[in-house]
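**Q** If you want the building blocks of each chain, they are given just below.
There are 2 protein chains.
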Amino acid sequence: MGLSLGLDVGGSKTRAVVVRTETAVGPVLADHHRPTQSGPSGVVDSILQASDQALDQLGLDRSALDSVGVGLPGLVDPERGLVRQAANLGLVELDLAGALSQGFSCPIRVENDVKASALGAARLLRQTAQLTYVNVGTGLALATVLDGRLLRGQANGAGEIGHLSLNPGGPRCSCGQRGCLETVVGGGAVSQRLADLGLDLADLLDTTSPPARHQAARLVSGLATVVRVAALAYDPALIVLGGGVIATAVGLTDRVRQRLARGERRSPLLAHLGLSRRLVELPADQPVGALGAAEVGWAGVGRPSPSRWLDLADQIGTTGPKPDRPLVIA
Amino acid sequence: MGLSLGLDVGGSKTRAVVVRTETAVGPVLADHHRPTQSGPSGVVDSILQASDQALDQLGLDRSALDSVGVGLPGLVDPERGLVRQAANLGLVELDLAGALSQGFSCPIRVENDVKASALGAARLLRQTAQLTYVNVGTGLALATVLDGRLLRGQANGAGEIGHLSLNPGGPRCSCGQRGCLETVVGGGAVSQRLADLGLDLADLLDTTSPPARHQAARLVSGLATVVRVAALAYDPALIVLGGGVIATAVGLTDRVRQRLARGERRSPLLAHLGLSRRLVELPADQPVGALGAAEVGWAGVGRPSPSRWLDLADQIGTTGPKPDRPLVIA
Chain A
1 MGLSLGLDVG GSKTRAVVVR TETAVGPVLA DHHRPTQSGP SGVVDSILQA
51 SDQALDQLGL DRSALDSVGV GLPGLVDPER GLVRQAANLG LVELDLAGAL
101 SQGFSCPIRV ENDVKASALG AARLLRQTAQ LTYVNVGTGL ALATVLDGRL
151 LRGQANGAGE IGHLSLNPGG PRCSCGQRGC LETVVGGGAV SQRLADLGLD
201 LADLLDTTSP PARHQAARLV SGLATVVRVA ALAYDPALIV LGGGVIATAV
251 GLTDRVRQRL ARGERRSPLL AHLGLSRRLV ELPADQPVGA LGAAEVGWAG
301 VGRPSPSRWL DLADQIGTTG PKPDRPLVIA
Chain B
1 MGLSLGLDVG GSKTRAVVVR TETAVGPVLA DHHRPTQSGP SGVVDSILQA
51 SDQALDQLGL DRSALDSVGV GLPGLVDPER GLVRQAANLG LVELDLAGAL
101 SQGFSCPIRV ENDVKASALG AARLLRQTAQ LTYVNVGTGL ALATVLDGRL
151 LRGQANGAGE IGHLSLNPGG PRCSCGQRGC LETVVGGGAV SQRLADLGLD
201 LADLLDTTSP PARHQAARLV SGLATVVRVA ALAYDPALIV LGGGVIATAV
251 GLTDRVRQRL ARGERRSPLL AHLGLSRRLV ELPADQPVGA LGAAEVGWAG
301 VGRPSPSRWL DLADQIGTTG PKPDRPLVIA
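Those protein sequence lines, which keep their order, are chains A and B. Mapping to our numbering: the first sequence position 279 is 279, numbers consecutive. Mapping to our numbering: the second sequence position 317 is 317, numbers consecutive.
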């Protein structure tokens, strides 16, 4: 029996799952989350505490683990285990794999959280051949799984579509440009705009005042553009929306789907692409990021991907478009 | 000795190259081009005549060939050898592989011309790991080679970035949308706009009248956006500009590079990505599309890619950023 730990470290909470990684054994054995403390030692402590609590559910300790995978925001160098520029964790630069190696005796792999979530979503939705995961959190980024591998690009920059500037006269973005897609649909910018207008993201789509309708239309239109960029760039079988904005603004994915369908009625090309049929929302409350992180860790020790993690998809009743190829992490 | 024929069928001319495909033998043996006749029988005749003329340079006939590859515009289904919607060739739908099978005794593979050119550019520039080729012809499309394979997407739609609509109030596009990138930088739209103003694409960048400068700025800005989309989507090592607009408007690639460099001075993220250093122009007068098509045909017969086509890069003095992985066509 192999045991893998996967961690999803977000700005507010850290989630840890323990999964069995032999082919004949079932999926998530333990699942625990706790608040994330910020700063280098805070992040390391949060990871260790969440790990111990999850293991404790099974009466185990860290020595039982075969691999650890961690997904977290920022510029992550998986080769060297480094994290840089993770502002909402209070990290400028941290050798996370190095810092954690004192707490664990097994190999540790670190990955960007959006990329880890794409792997988890690909696994959960049984679409590891061609899937794009769009994370609409504080920021905006996407990750694409192609033939079971993450598309990284030459400098891990593939999918940084939040910093596509479409409006040179738009609001200033943290990246130094103006009018980036992140300033239109990213949670940080959206929350600020809504707060200034006395509006709340959670009930934005149910609010009928003109400012609310204007803000909703802007958000829906921006997300439809993001989906079209993903579709025209990668043409994936599934485009998955997730992240804090999607989870908070209930009904947003449906509205984006309606918007895409409207475009399809006007454009034969868009009708042919059929984006509205490819768009799905990340299943709520599933530990997608932590599962993907566990897979990153497991692949990092050079073992084949477990074939039966698909059991999880059976349990929650999700189905993908077609049978799937094995997941391989480059 | 193996002999492969590659054809690049464009709206105005059809180019045929004959290449040796054994590992120890040199590259292009014969190279011929002639005007393309339109319509189904015109296209087939153009291909056969260009092929025979190229073979004739070597004192050979079609029976000497081991494989044929054809690159041409439109929606191409490589599996079935079909071409659809190639408007500038006068083709609505044609079983091209079937039609050619009566003229050749060896296997024939058909590919979209932009995808074939991406393979040819990857080979020529020694960057088969991560290269995006942006074709600015009558229309606008790109193709990406990743780890030696073409990124196709689930419906061969990957790279149809010309139909990314960024301005819902913009000019109507052939695809049914408004304000697509193709309406900003595609040769069809650009030529029409310039003709209406009495301007000429060939000397647009040297013309100092306010309308010329406005049109030049619009073209440069649009192309810079296309390059940024490619970079943020795929993060490739090289982004290659080619096609009729690039070949005609001498100096355009340099202007786009300057524009990207200006953006890098304002944005740390863009500076980190360093797009201006990754941008190159397709080497002029090299038979890139036909070479890529020959590779498509050769791979279609299930043979390994010849290792020595790189000789061509040696001959013309181009160099790529680093040693290369073998090219594999999915």
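Source of the hints: derived by calculation from the structure; they are not laboratory data. C-beta: ideal position from N, C-alpha, C; glycine also. Wrong hints could be hidden among the right ones.
[To be verified] Facing chain B, from chain A, some residues (calculated, C-beta under 10 Å):
hint, residue
1, Ala129
2, Leu164
3, Gly169
4, Thr248
[Stated by the list, open to error] Quick list of simulated restraints, FRET-style, between CB atoms:
hint, chain 1, residue 1, chain 2, residue 2, range
5, B, Ala195, A, Ala271, 24 to 34 Å
6, A, Asp61, B, Arg80, 54 to 64 Å
7, A, Gly98, B, Thr208, 36 to 46 Å
8, A, Arg34, B, Gln258, 46 to 56 Å
9, B, Gly169, A, Asp203, 45 to 55 Å
10, B, Pro268, A, Gln192, 16 to 26 Å
11, B, Gln37, A, Gly274, 29 to 39 Å
**Q** Find the hints from earlier in the document that the structure breaks and name them by number, from lowest to highest.
**A** 3, 4, 7 and 9
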